[in-house]
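Enquirer: Sequence:
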Amino acid sequence: MESEEIMLAFLNCEHINKLLDKLVLINHSFDKHINPDKVKKDIFYAKNIIAIKSEIQ
Numbered sequence: 001m002e003s004e005e006i007m008l009a010f011l012n013c014e015h016i017n018k019l020l021d022k023l024v025l026i027n028h029s030f031d032k033h034i035n036p037d038k039v040k041k042d043i044f045y046a047k048n049i050i051a052i053k054s055e056i057q
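Numbering-wise, full-length UniProt numbering puts 38 at position 38 of the sequence shown, and it's gapless, one number per residue.
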């Protein structure tokens, strides 16, 4: 899990927005859709967890 947290820590907003744009394109290709708002929320929470962990250490 730490490697995933490190990867998220280095993703900036521009990269996240590009990924979300790709996600929208993918959603048009499949029946089962991924909710971009949920992805944004999950990324936001992951960044907060990383920030809190770094403050604790």
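Since the hints were derived computationally from the structure, they do not count as laboratory data.
Note that the structure is a prediction, hence the values are computed from the model and not measured.
Careful, some of the hints might be misleading.
With a straight-line Cα cutoff of 25 angstroms, these simulated PhoX-like cross-link-like pairs (lysine-lysine) come out [what the hints assert, rightly or not]:
| id | residue 1 | residue 2 |
| --- | --- | --- |
| 1 | K38 | K18 |
| 2 | K40 | K22 |
| 3 | K22 | K47 |
| 4 | K22 | K38 |
| 5 | K41 | K22 |
| 6 | K40 | K53 |
| 7 | K38 | K53 |
| 8 | K18 | K41 |
| 9 | K41 | K53 |
| 10 | K53 | K22 |
| 11 | K47 | K18 |
Enquirer: Find the hints from earlier in the document that the structure breaks and name them by number, from lowest to highest.
Expert: 10
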